[in-house]
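**Student:** Chains as they are written, first to last, in our numbering: chain A, 2 to 304; chain B, 262 to 592.
There may be inaccurate statements among the hints.
[To be verified] Below, a list of computed lysine to aspartate or glutamate pairs in the EDC-like style, where the Cα atoms sit at most 16 Å apart:
1) 496/B - 296/A
2) 551/B - 525/B
3) 255/A - 525/B
4) 496/B - 294/A
5) 261/A - 284/A
Just so you know, these hints were derived from the structure itself, not from any lab. Quantities reported herein were computed from a predicted structural model and do not represent experimental measurements.
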Amino acid sequence: MISEHLSEYYGLPVVDFVIPRDWKGSEFAYRIGIDWDSEDQSTGLLDVLLTVGESRELKALVIGPWFSDDSSEDCQPIIEWLAKHAPRLPHLEAIFLGDIVQEETEMSWIAQSDMEPLLRAFPNLVRLDVRGSNGLSFGTLEHAGLRHLSFENGGLDRSVVRQLSQSLLPNLEHLELWLGDQGYGRTASVEDLQPILTGELFPSLKYLGIRNTETCDEFVPTIVNSPLLNRIEVLDLSGGDLSDAGGRSLLRLKDNTSLKLLDLRHHYMSEALCEELKSLPMEVNVGEAQSPDDDWRPIYVSE
Amino acid sequence: MDFTPEELASFNLVHNRFSRVVKLLNEDEPVRIPENSSWDELDLSGAKGEVELPHRFSCYQLSLARSKVKRLPEGLQVQTILDLTECHELIELPHGLTVGSLRLGGCRSLKTLPEGFDCWFLDMTGCWSFREWPTTGRLRNGVLNLRGCTALPTLPDYLGVLASVNLRDCSNLSSLPDALRISGWIDVAHSGLANLSSIPPSLEDVDIRWQGVRIPRRVWLEPGSITLSEIATEKNTEMRRVLIERYGTARYVQDVQAEVLDEDRDPGGARRLLRIEVKDDEPLVTLACKCPSTGRQYFLRVPPDMRTCHQAAAWMAGFDNPDDYKPLIET
Numbered sequence: 002m003i004s005e006h007l008s009e010y011y012g013l014p015v016v017d018f019v020i021p022r023d024w025k026g027s028e029f030a031y032r033i034g035i036d037w038d039s040e041d042q043s044t045g046l047l048d049v050l051l052t053v054g055e056s057r058e059l060k061a062l063v064i065g066p067w068f069s070d071d072s073s074e075d076c077q078p079i080i081e082w083l084a085k086h087a088p089r090l091p092h093l094e095a096i097f098l099g100d101i102v103q104e105e106t107e108m109s110w111i112a113q114s115d116m117e118p119l120l121r122a123f124p125n126l127v128r129l130d131v132r133g134s135n136g137l138s139f140g141t142l143e144h145a146g147l148r149h150l151s152f153e154n155g156g157l158d159r160s161v162v163r164q165l166s167q168s169l170l171p172n173l174e175h176l177e178l179w180l181g182d183q184g185y186g187r188t189a190s191v192e193d194l195q196p197i198l199t200g201e202l203f204p205s206l207k208y209l210g211i212r213n214t215e216t217c218d219e220f221v222p223t224i225v226n227s228p229l230l231n232r233i234e235v236l237d238l239s240g241g242d243l244s245d246a247g248g249r250s251l252l253r254l255k256d257n258t259s260l261k262l263l264d265l266r267h268h269y270m271s272e273a274l275c276e277e278l279k280s281l282p283m284e285v286n287v288g289e290a291q292s293p294d295d296d297w298r299p300i301y302v303s304e
Numbered sequence: 262m263d264f265t266p267e268e269l270a271s272f273n274l275v276h277n278r279f280s281r282v283v284k285l286l287n288e289d290e291p292v293r294i295p296e297n298s299s300w301d302e303l304d305l306s307g308a309k310g311e312v313e314l315p316h317r318f319s320c321y322q323l324s325l326a327r328s329k330v331k332r333l334p335e336g337l338q339v340q341t342i343l344d345l346t347e348c349h350e351l352i353e354l355p356h357g358l359t360v361g362s363l364r365l366g367g368c369r370s371l372k373t374l375p376e377g378f379d380c381w382f383l384d385m386t387g388c389w390s391f392r393e394w395p396t397t398g399r400l401r402n403g404v405l406n407l408r409g410c411t412a413l414p415t416l417p418d419y420l421g422v423l424a425s426v427n428l429r430d431c432s433n434l435s436s437l438p439d440a441l442r443i444s445g446w447i448d449v450a451h452s453g454l455a456n457l458s459s460i461p462p463s464l465e466d467v468d469i470r471w472q473g474v475r476i477p478r479r480v481w482l483e484p485g486s487i488t489l490s491e492i493a494t495e496k497n498t499e500m501r502r503v504l505i506e507r508y509g510t511a512r513y514v515q516d517v518q519a520e521v522l523d524e525d526r527d528p529g530g531a532r533r534l535l536r537i538e539v540k541d542d543e544p545l546v547t548l549a550c551k552c553p554s555t556g557r558q559y560f561l562r563v564p565p566d567m568r569t570c571h572q573a574a575a576w577m578a579g580f581d582n583p584d585d586y587k588p589l590i591e592t
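The shape of chain B in the complex, shown without the other chains (with noise of 0.2 Å):
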């Protein structure tokens, strides 16, 4: 990079002496970023003007993150970190696109990747959109995260050995491909794989997290097995928090025999306010209700300071004072 300070000003671009980067100078006027120019790292992340991108230019490091950006020019040449979060208009990214790190994090309307991508890192937090690999690519060596991408149905074959994938959320993806090998770790809480019922043969030596917490292999595959002593005896605060969920929730309430601090009505019939002891832990404190439109049954969490089923229910919505908490209708 060899502009002048004016030059850089004239694209809307500062130098910041201190942290070696390229920023925008001003987040709400248009960028133009020269042809055949390079970069060490150019942040325009937060643009809410145009970003004109040439075909032909390098950055060692490059962020639009929350940025309108929507493509990205062919033959884009990013060394280690494409940083695009939360670039909810994003929908296609260029052709072979070979990166270190690909952020895509809250690209909320991308729908797939791009032919013969190449990368080590891959993180695609909360793409709720992107259901379809592209057929040929590269991800190998670094972290693979698709936490919520509750579209996707499979993994690709082409996944070359991955230090950690986390499959949160991924609740339509219910299988791994045979030649899978992870030399971390996986989470697979609330993902299509959480109801399997023995280790797919890629996992046989790769440690299992629920929602980040490691976690043996039958409380993943058997939960049946878990016991309420089990539960009660269990030291770590985490540990316990993922048995009981495995546990099932609701018949742990019912299993406990909790205590009853409160009982009264709403629009889906009867509720309460339950209080479950927990050894070396707060007290779980949960409002067990109906939900007026389905019927189902939930139990939903609450400070252990509640008293009465209206307060835990006016705190759901946010009233400190459960006298503010006047609902005119529920649904």
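This is chain A alone, in the form it adopts within the complex (with noise of 0.2 Å):
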């Protein structure tokens, strides 16, 4: 469960902007959202945006909540808004889609839309996130700036995987999927992500998140064989249910690995696969332990 807004993001403090005073300077992130009981709109506050004369230097934004009491409204019309006034923000970098917390709406509610006219309205974008995949397209991308791409939502739909496989991507460095639970419209299995783990479509990888995933267990034994481990830094398999029987298969990453971080935090193992975990040749994080007598085993976040 996630319970708290954005306090960094790209390296940048967050502050939420609502009327033009509230802008600080290009050194932070601004987060635009409306509250339940707003009359206001998500395009309306980045209207008053661009009224500041300094917001053509924004790196980072932050897109919270676009609805009000109707949480079923999807973010197209700030996407299009993007779209439009992209000339006018010339140095944005990063943008994450959706920092929506439960209290305001559960994550496999969000409505989220098609990511194509943004993506090809800012080239010079390096970091996109989006929380929440209802909805979620962005067509056969062609992107050479991208190098952060992160999905997170509690169910994710095969199509992604598959509109992913089918990019192009050559600078991409850092992917980061959650992918969920079946009972919350997870349909992307560990024979979708084979095209991912050939290791063939983003030779610039160096970090590989398969997060918050369900039957965690199913799917470590094919990652493990991934030529993806020969030579990227990090992998991240942290927020699932992993138990002592996906994490053995973990013990073959004792050679033939260029990984410096296996990231397997929220897991439900064992102390003493832990513990042989760790004499692994790269740092091991297996924090946030799970009890692994528990029959009934939470991912990170699935509603």
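With the hints as a guide, bring both chains together as one complex.
**Tutor:** What follows is the structure, encoded as structure tokens:
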């Protein structure tokens, strides 16, 4: 469960932007969002942001809720606004779409939309984070600037993985997929990940996150065989329900791997296996251990 | 894919906007895929009519599950999943077929795979005609499921490291290539490997499963070492079932001195309904009877509330009311 808004994004402290006086310079990331009882519109707040002369220097934008009491409204008006006003935001490098916490709406309810106009309008975009995957699409993506792509959600549809597998992202270094729970819309399976795991898609990849995954044990024995693990630095399997059954496969990573960090936080593995894993030749994070005796093994965020 | 809804309909296809999959419009009608077309997800599963596939077309994913296809065109390009589950008439696949995942479960007419095939995931559950691997091929990193490939005598030498291997019920398969490497698990239940007494070198560090249950090597390789008290004190129900099976159900029923609930005779001779208390689980109630044709002794598990041999036999035949079960002949 996520209960806190971002306090930092793209290496910058995040501040809420409502009125022009909130502008503190370009070394801050600005958060645009409306409350459940608000009569404002997010695009209206963005209009206000543009009235600040220095907003041309904006580097990082965090989009909070774009809906008041009807969370089924999708973010298309924001995408359209950003695509239209892109020439006035020439230095915008990072966008977080959906800094929305559980109190505002469940993650699996967040309604996203087609990201293609956004990505086309911002060729200099370096980082894109999207929370929620309902209605999410981005067409066949070609983007030479993008280095960091993250999809946080409670249940990832396989169509998102397919579109990603058909994309051309030659400089992508950080790919983070929250697969989620089959009870909350996940249809992506380990077979769907195969094009990514071949290592042929993203030649610059350094970080692979297959996070927040229910039935994580089914994924890990295949992931450890991926040729990617001979060249990336970080494998992040945190937030899932990894238990000893899948965790033991990770012991194979004792040689022939380039990994510097294996992130396994929030897991259901035994202490004994955690100790064994710590002897692997990379940093292994087995924090946030959950009880392996629990029959009910929730992942970090499902709904 | 750049077809209008009307064009799609003329091929007997429809685009589902919600799932972004192109499906059959009418399962009973023939479907024709145009030459040089390309598709994201093409779902032709359940096609009862003719499926006309051109020599040149490509898909990200293609399903022909439960269709009547016998062959697929040479040069077929499918990037990730080719689903041919339950294609009972399928006899041949294209040479050099390269996909991420090849699903062939229930393709019972298929005797071999194509020369030079290449995939990560291969599902051949219940392909009981499959008996011969091609001389060249690539299968690596993913999951190999051969459950129920009863005719298959070997695994090929060209397998790369695999995530898991399911050999359950591969009764003719009794050895493994030394070069086999597995990162996850292997299931050996009722395979030709079930009777081995020492671990094959390729399985030194591999989790062993029996019908999906992770078991210690000893339960596989030295079933004679399993004791009655070990079975009685095993806390995990699934594990206890495996222990009883490895101990030998018939032997177990005798050694544990089961309570006799009922005795009578059937065409096979004397039969008995036996009950064994099992800690933290429902009692094991079995009908001990002999086959009238072969004379073999069987122990057939029935629900624990059965009280008579006749009631148990009726339940196995699908009768809730034993009075309705009046077999004319039992063979």
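**Student:** Could you run down the list of hints and mark each one as holding or not?
**Tutor:** We went through each hint and held it up to the structure:
The hinted pair formed by residue 496/B and residue 296/A meets the criterion: a straight-line CA distance of about 15 Å does not exceed 16 Å. With a C-alpha separation of about 12 Å, the suggested pair residue 551/B and residue 525/B falls inside the 16 Å cut-off, and the hint holds. For the hint pairing residue 255/A with residue 525/B, the CA-to-CA distance comes to about 62 Å; that exceeds 16 Å, so the pair is violated. Restraint check for residue 496/B and residue 294/A: satisfied, since their Cα atoms lie roughly 13 Å apart, inside the 16 Å limit.
This hinted pair checks out: residue 261/A and residue 284/A have alpha carbons roughly 6 Å apart, not beyond 16 Å.
In this structure, only the earlier hint numbered 3 is contradicted, and the remaining ones agree with it.
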